[in-house]
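*Asks:* Our numbering numbers the first residue of the sequence shown as 21 and each following residue consecutively.
To be clear, the hints were calculated from the coordinates, so they are not data collected in a lab.
You may find that some hints are simply not true.
[Said to hold, decoys possible] Each pair of labels, with its calculated beta carbon distance range: (1) Thr412 to Thr537: 34 to 44 angstroms; (2) Glu643 to Val514: 24 to 34 angstroms; (3) Leu628 to Ala411: 56 to 66 angstroms; (4) Asn243 to Ala165: 28 to 38 angstroms; (5) Glu575 to Phe415: 24 to 34 angstroms; (6) Leu653 to Val316: 37 to 47 angstroms.
We put the beta carbon where it would ideally sit given N, CA and C, even for glycine.
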Amino acid sequence: MTASNANGLRPIRRLASLRIQGLGFAIGLLVATGAAGAANPVPQATAPATAPAATPAAGQVAITNIDFRRGDDGAGRLVVKFDRAGAAPDLRNLGSSVVVDVGNAEIPATLQRGLNVVDFATPVQRVDARPSGKGTQLVLSTQGAFESLAYQTGNEYVVEIAPRADKPAMGAPGGTAAGTVASAAAKVAATQNARAYGGRPVTFNFQDVPVRTVLQLIAEESNLNIVASDTVQGNVTLRLVNVPWDQALDIVLRAKGLDKRRDGGVMWVAPQPELAKFEQDKEDARIAIENREDLVTDYIQINYHNAAAIFKAITEAKGIGNSSGGSGGSGPGGQQENSFLSPRGRIVADERTNTLMINDIPKKIAQMRELISVIDRPVDQVLIEGRIVIATDSFARDLGARFGIGGRRSYNNGDNTGTIGSGLPDAGTSPANRGLNVNLPAKTYTLGTPASIAYTLLGRNFNLDIELQALQEEGRGEVISNPRLVTTNQREAVIKQGREVGYLTVTGGGTGVLTPTVQFKEAVLELKVVPTITSDNRVFLSLNVKKDEVLRFIEMGDFGSVPEIAKREINTAVLVDDGQTVVIGGVYEFTDRTSIAKVPFLGDIPFLGNLFKKKGRNKEKAELLIFVTPKVLRVAPQQALSRAAN
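Using the sequences plus the hints, can you model the full thing?
*Replies:* This is the structure:
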């Protein structure tokens, strides 16, 4: 029974097999006929002898160029160009290599070579292009972790190999030094230039599908409403693996020359020229509406600033407007390019009332009010307190001696009587007026009258006078000047106190007559400062401190006297914390002088030589110190300029 049934089914199976074979033969015949018909219109320089040999060559394309570039985000980009559209590339990852097979593309012998692309600092190290069967194979050798994506538009196929931003495992080897430096450079470039994408990863693998279909899939993955313009046409080939959907959207738009505009949850996709024209038309319409809008006049009172200064800043924002800066206004032609006013806007500054009068559309007036509210605000003030300390310490000591000896001899020669003496006084003359052989008094460095010890020995025919003098002076002085002043931020302030000293100058005329003229010289204490308050609550000071003093007057005979002035001045700039005292300058002087005056030979005798010499010693110390203490006086709370800018 089973055998008969089996034998009975054989004719049916044979009939079905014959029908399938006949259908296959008919389909093959139709395909061959169509291929031959399509090949007939194309002229061939060397036509093949048989038709079956020309059939495969009719669907192939040729590679015209292979180019490798470095992307802005450190990715390697391989660009393959074909002679026409219709290539069918297939991309796959094989370990550390990316293989692209183009089964219907021929590669000329001039492009069958390897490219060393290590110097591009991308994950791709080498690109090899070689024929594979009847097609072409491209092999990209990589290093390190990477992500691959590819897209096709027209006769161009692009493969991008981007470095993966995965963090290395702790304790893993870092490779060679050159590789570490290259990897660090690539990561820095990727961090600075790459755009951050936060969409959900998607995977697409399409071969020549319409762009509208890809946009529809992206809309479903992103839950975003996408409206595509009617001019969005063309096909695209994509292979994206675990790529954020917003990055995939940007790649598709860039490949087809499209752009997007987002309004809330709706995104409009259209060609870039169409979007540019739409925005230009929208701007032209806005300008046309503003040109037809009625003008209004507003008055803005300036409280803390100068209306003329604000007027000049607004009208000359781009080097245009009325440069007189007074209380005039500029017409529409003068302010045509001024971004603060519309082409029809006018502004006038009244210096008497410190008011700005603006005639413009309401939108521009509102912007002007917001701008002036930022500019016209109270400015913080700074109290600058200075101390100029001049400390002196002096020591002087003088030792001197006066020594005299004399004798007398009387004679009587008849009627003549005389006296021969050596410095002996007559009767009744004090010893102080007698002659001295050594006169070295103690008055070299000291100014006072020295104390003295005198001894006088008188005899019948001689006298002896000895006087020792000594004086020691010590002095300490301290002069403190404390100027202080208050000024606003970034405004120069000057305080000055002292006197003007007059002196004569003589000029000669043409007739030889001298003409005296009185002139004056300042000897003052002066503090000049320009403070700048920084954002971190510190003060930058530009300082000039001067302390002059008249030391003495130099006599010039018939022309009177001229003053000798000691000048002390410092000019500097310093950054100081609020309330901090800093020493901005100082001078220390020390003088030590010793002098000896003596009689030669006699002054070198031990002990007794002190009667024939005088000694003096002088020490002087002077120190100048300048202290400055700035204190910020807050007038109004600080305002955030970023809020006004928004």
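*Asks:* The structure should be examined with respect to each hint, and the outcome stated for every one.
*Replies:* Hints versus structure:
Here the CB-CB span from Thr412 to Thr537 is close to 36 angstroms, well matched to the stated 34 to 44 angstroms. A hinted range of 24 to 34 angstroms for the beta carbons of Glu643 and Val514 is consistent with their spacing of about 26 angstroms. For Leu628 and Ala411, the hinted distance range of 56 to 66 angstroms is not satisfied, since their beta carbons lie about 43 angstroms from each other. Asn243 and Ala165 have their C-beta atoms about 30 angstroms apart, which keeps the hinted 28 to 38 angstroms range intact.
In this structure, Glu575 and Phe415 meet the distance hint of 24 to 34 angstroms, their C-beta atoms being roughly 29 angstroms apart. Separation of Leu653 from Val316 is about 40 angstroms and conforms to the stated range, judged on CB atoms against 37 to 47 angstroms.
Consistency note: the structure conflicts with earlier hint 3 alone.
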